[in-house]
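Enquirer: Spelled out from the first residue to the last, the chains are:
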Amino acid sequence: MKLSKILKNGFLIVFACLALSACATSKKSTGQMQGDVYTGTDTVEYLASGVPDRVFFATNESVLTTASRETLRKQAAWLRKNSKITIVLEGHADERGTREYNLALGERRANAAKDYLMTYGISSDRISVLSYGKERPVDSGSNPLAWSKNRRSVTVKAN
Amino acid sequence: MKKFLITLIIILIPVKSFGLIEVDITRGNLNPLPIAVSPLSIDEESRKNFESILKKKNIGSEISSIVENNLKVSGLFNPLNKDAFLQEPDIANLKPRFEDWNLIKAQALITGKVSYVEEKLRVEFRLWDVLAGKEMMALAFTTVPNNWRRVGHIITDKVYERLTGEMGYFDTRIIYVAEEGPKTQRVKKLAIMDQDGANNKFLTLGNELVLTPRFNPTSQMVTYLSYFRNLPRVYLLDIETGTQEVVGDFPGMTFAPRFSPDGKKIIMSFAKDGNSEIYTMDLENRIVEKITNHPSIDTSPSYSPDGKFISFNSDRSGYQQIYVMKSDGSNVKRISFGKGIYGTPVWSPRGDLIAFTKLHKGKFYIGVMRTDGSGERLLTENFYQEAPSWSPNGRVLIFYRETKTDSKGKGFSAKLWSIDLTGYNERQVTTPTDGSDPSWSSLLSN
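Line order of the protein sequences matches chains L and D. Every letter in the first sequence is one number past the one before it in the working numbering, and letter 10, counting from 1, is 10. Each number in the working numbering comes from the position in the second sequence (counting from 1) with 159 added on.
These are computed hints drawn from the structure, not numbers from a lab. The C-beta atom is built at its ideal place from N, Cα and C for all residues, glycine as well. Among the clues, some could well be false.
Quick look at which bits of chain L chain D covers, simulated, 3 or more residues with Cβ under 8 angstroms [what the hints assert, rightly or not]:
hint, region
1, 61-68
2, 90-99
3, 139-152
What follows is a set of in silico ranges between Cβ atoms, one per label pair, in the way DEER data are often shown [what the hints assert, rightly or not]:
hint, chain 1, residue 1, chain 2, residue 2, range
4, D, Lys231, L, Arg136, 53 to 63 angstroms
5, D, Pro591, L, Glu61, 57 to 67 angstroms
6, L, Glu61, D, Lys231, 12 to 22 angstroms
7, D, Glu367, L, Tyr46, 22 to 32 angstroms
8, L, Asn82, D, Lys492, 25 to 35 angstroms
9, D, Gly570, L, Gly35, 42 to 52 angstroms
10, D, Asn490, L, Arg136, 35 to 45 angstroms
11, D, Asp421, L, Gly31, 50 to 60 angstroms
Below, a sample of chain D positions facing chain L; criterion: calculated Cβ distance under 7 angstroms [as the list claims (entries may be wrong)]:
hint, residue
12, Gly292
13, Lys342
14, Met412
15, Phe414
16, Ala415
17, Thr516
18, Gly568
Model the full structure from these sequences, guided by the hints.
Expert: Structure below.
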């Protein structure tokens, strides 16, 4: 009885460790990445003071993260204040995918940003979308951090 | 592209073939056939004439080195060193001393003669079976002198066809994207060259980004993606006239174009509002048809050679996989079920296989599978490679490969590579600049 209890507890501890380490690997935060989404500011430029120009995506994803939505709300506020400005949303992918699929993925990412801006009152007339697929990386590295910087949608002033 | 100026005059056809030497193309290059390519003989007057026209000292030797190089690169033949040849080219062409050729272990022998006839280049050549001591083939043709390289390719095609029983692929061209500059600002141009890398020519200036050129069935037109005026659209280019026109002028991005096997339609993707669907456009009446209808990414379409089916990749299952449907869009079936993600399906000209790119555990593969997805076979593994294109006889694939950059982001390159369907004979196809997105033409002399 005693032994089995010890074993049981032992197992529980082992399980707890496993669960923790699994968590640690799946939501690894390296300072510049959360999961595989870039969270740093190296490549970010500003449309106006406090209005970052780009949002980042996970591999193969076009879902906006909480941070991306916050950035886009700032862009929407800035666009509402400057109602004559039109923009191009440039969607990009990293180099780890086939060229044609990445063109489609870049388009999907830019449209995710567009849809969100529209829900904050920005008319689709002011937004055009341009996908570059993997053709215009911002970081030429071949490593996960470089790839995370390249999976992006960048808002560019068009006028 | 020049019309096919080569007139073929068959001067001799062997009455009966005795099933002599044969090359087994399914075996790979484990045992390339030893072949002697005797320089094509040339009389002094013809030699001088061609020297003044073509600036080549001995056009006979030049043509035979093209043949020799083609045979070597095919991986199926081992052209023997000319220093060991005992018989003079002109005499060998009349009647080979088979024992001499046997001595240097040649199993087959090519001989021939070049002459200058009425301002034209006349070439005759013979293929001999050394062991049996018999002539296997004799052909002659006449063409304009400037076509001399093509003569070398046509001779190779005839020899290849006679010895393997398969159609050749040497008198062909490759269209591709020539690349230069830093990885973050690549300058890309359309370029075309002979299959062996000769006669490279740039077709666009590099002012706008161009991607994914593909030949039509007669190899006189090319469809590709251009970012002209920052509007990514599918274009059509006539290689001979240089005329370019937009064909995919839809309210959104059109991309991933290919011709239908009859050359009458272009199939492509059209992306709008975050969704990419496959469409066709009839080039004559410009009627557009929507083929897929799914909220996922559907792209990289490629017709079966009979035009009845279309393969494409879609992420409707969550990740990029290969699907096949009828050409009207009905009967969509997923065919790739292996581990990893699959893209860029391209139907083989024989119709029995689909070549693809696969990503699994951080490595990229070029592979082939049957059209129902069975019999998957991976031919090559690398850090990054994609976009296979078939040689017109379906025996070789050309694709591009990119290198991993170092910790400082340096050392990027993109190169063209080819590999046999057997998985053997992997080799780089040299281009003057970096290259990607290759597309193989049809056989020009057919």
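Enquirer: So, against the hints stated earlier in the document, which numbers end up violated here?
Expert: The structure conflicts with hints 1, 4, 5, 6, 8, 9, 12, although it agrees with all the remaining ones.
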